[in-house]
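> Under our numbering, think of the first position of the sequence shown as 14, with each following residue one higher.
These are calculated hints, taken from the structure and not from any lab test.
Any given hint could turn out to be false.
Okay, derived cross-link-like pairs now, SDA-like style, lysine to any residue, Cα gap no bigger than 20 Å in a straight line [said to hold, decoys possible]:
(1) 70 x 89
(2) 70 x 49
(3) 175 x 115
(4) 175 x 98
(5) 70 x 95
(6) 175 x 135
(7) 70 x 115
(8) 70 x 116
(9) 175 x 83
(10) 175 x 124
(11) 70 x 93
(12) 70 x 33
(13) 175 x 137
(14) 70 x 87
(15) 175 x 106
(16) 70 x 48
(17) 175 x 84
(18) 175 x 103
(19) 175 x 133
(20) 70 x 27
(21) 175 x 131
(22) 70 x 86
(23) 70 x 84
(24) 70 x 59
(25) 70 x 39
(26) 70 x 24
(27) 175 x 162
(28) 175 x 139
(29) 70 x 42
(30) 70 x 98
(31) 70 x 105
(32) 70 x 46
(33) 70 x 85
(34) 175 x 93
(35) 175 x 160
(36) 70 x 43
(37) 175 x 158
(38) 70 x 28
(39) 70 x 47
None of the values given here were measured: they were computed from a predicted structure.
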Amino acid sequence: MASPLGSRPTAPQIDVRRSRRRRRTVSAYRDGDTIVVLIPATLTRDQEAEWVDTMVKRLERSEARRRPSDDELMTRARRLSREHLDGRAQPATVRWVSNQRSRWGSCTPADRSIRLSDRLQPMPAWVVDYVLVHELAHLLEAGHGPRFWGWVDRYPEAERAKGYLLGYAAAAHLEPPVVETDDESGVEPVEPALF
Numbered sequence: 014m015a016s017p018l019g020s021r022p023t024a025p026q027i028d029v030r031r032s033r034r035r036r037r038t039v040s041a042y043r044d045g046d047t048i049v050v051l052i053p054a055t056l057t058r059d060q061e062a063e064w065v066d067t068m069v070k071r072l073e074r075s076e077a078r079r080r081p082s083d084d085e086l087m088t089r090a091r092r093l094s095r096e097h098l099d100g101r102a103q104p105a106t107v108r109w110v111s112n113q114r115s116r117w118g119s120c121t122p123a124d125r126s127i128r129l130s131d132r133l134q135p136m137p138a139w140v141v142d143y144v145l146v147h148e149l150a151h152l153l154e155a156g157h158g159p160r161f162w163g164w165v166d167r168y169p170e171a172e173r174a175k176g177y178l179l180g181y182a183a184a185a186h187l188e189p190p191v192v193e194t195d196d197e198s199g200v201e202p203v204e205p206a207l208f
């Protein structure tokens, strides 16, 4: 079953589909948070269980091989810093994490570490780059004030990526992110907070 926001990841939901036309092949693919396994209708329940286990493991191994590494993410962050932030943002570490269910990324300026949610991995590169630029900008400006957004807006796809992430969250029925204020007035910023 799919994990609700803020909870630990659980085993994926499995949808087994039997087909009378399918005779000798078994296949599997991911549809969102669900793994769909296609099997012949003639298989017994024991054979089904064995094939489902085999195909889920095979699919997960295949996805792990395609998953970008933390080293690639660091290289990408350095390139984005050079291209859009005058090379001023210098992270110590940049890595993928699986425990961020209510935000796309986070930054700890004190130790210059950046973490991106692994939910970003299937998204377009320009969206991942936007989240990286957003987190890199936190190394230059801690809050979400005008100077911070000045840095972020140097990324040419910033507005498009914000819209993509808001649309994705709405389509996935995720809780909207908490909007925090950066001053003592208590007035929420006009821009929706994505992080």
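> Each hint needs a verdict: does it hold in this structure or not?
Taking the hints in turn, this is what the structure says about them:
1. 70 x 89: Given that 20 Å is the threshold and the Cα spacing comes to 30 Å, the pair is violated.
2. 70 x 49: Distance ~13 Å between residue 70 and residue 49 Cα, so the pair holds.
3. 175 x 115: 15 Å, holds
4. 175 x 98: Since the Cα atoms of residue 175 and residue 98 sit roughly 18 Å apart, the hinted pair holds (cutoff 20 Å).
5. 70 x 95: Not OK: residue 70 and residue 95 at ~40 Å, beyond 20 Å, violated.
6. 175 x 135: Status holds; Cα separation ~16 Å.
7. 70 x 115: 27 Å, violated
8. 70 x 116: Not OK: residue 70 and residue 116 at ~28 Å, beyond 20 Å, violated.
9. 175 x 83: 23 Å, violated
10. 175 x 124: Distance of about 26 Å is beyond 20 Å: violated.
11. 70 x 93: Outside the cut-off at roughly 35 Å; violated.
12. 70 x 33: With Cα atoms ~25 Å apart, residue 70 and residue 33 exceed 20 Å; violated.
13. 175 x 137: 12 Å, holds
14. 70 x 87: 29 Å, violated
15. 175 x 106: Given that 20 Å is the threshold and the Cα spacing comes to 24 Å, the pair is violated.
16. 70 x 48: 11 Å, holds
17. 175 x 84: 25 Å, violated
18. 175 x 103: 23 Å, violated
19. 175 x 133: OK: residue 175 and residue 133 at ~13 Å, within 20 Å.
20. 70 x 27: 12 Å, holds
21. 175 x 131: 17 Å, holds
22. 70 x 86: 26 Å, violated
23. 70 x 84: Measuring from Cα to Cα gives roughly 25 Å; hence the hint is violated.
24. 70 x 59: 17 Å, holds
25. 70 x 39: Holds. Residue 70 to residue 39 sits at ~13 Å (cutoff 20 Å).
26. 70 x 24: Holds, because 12 Å separates the two Cα atoms, which is no more than 20 Å.
27. 175 x 162: 12 Å, holds
28. 175 x 139: 11 Å, holds
29. 70 x 42: 11 Å, holds
30. 70 x 98: Measuring from Cα to Cα gives roughly 41 Å; hence the hint is violated.
31. 70 x 105: Between residue 70 and residue 105 the Cα gap is close to 34 Å, so the pair fails against 20 Å, i.e. violated.
32. 70 x 46: Measuring from Cα to Cα gives roughly 15 Å; hence the hint holds.
33. 70 x 85: 25 Å, violated
34. 175 x 93: Since the Cα atoms of residue 175 and residue 93 sit roughly 17 Å apart, the hinted pair holds (cutoff 20 Å).
35. 175 x 160: 18 Å, holds
36. 70 x 43: Cα-Cα ~12 Å, so holds.
37. 175 x 158: OK: residue 175 and residue 158 at ~17 Å, within 20 Å.
38. 70 x 28: 15 Å, holds
39. 70 x 47: Measuring from Cα to Cα gives roughly 14 Å; hence the hint holds.
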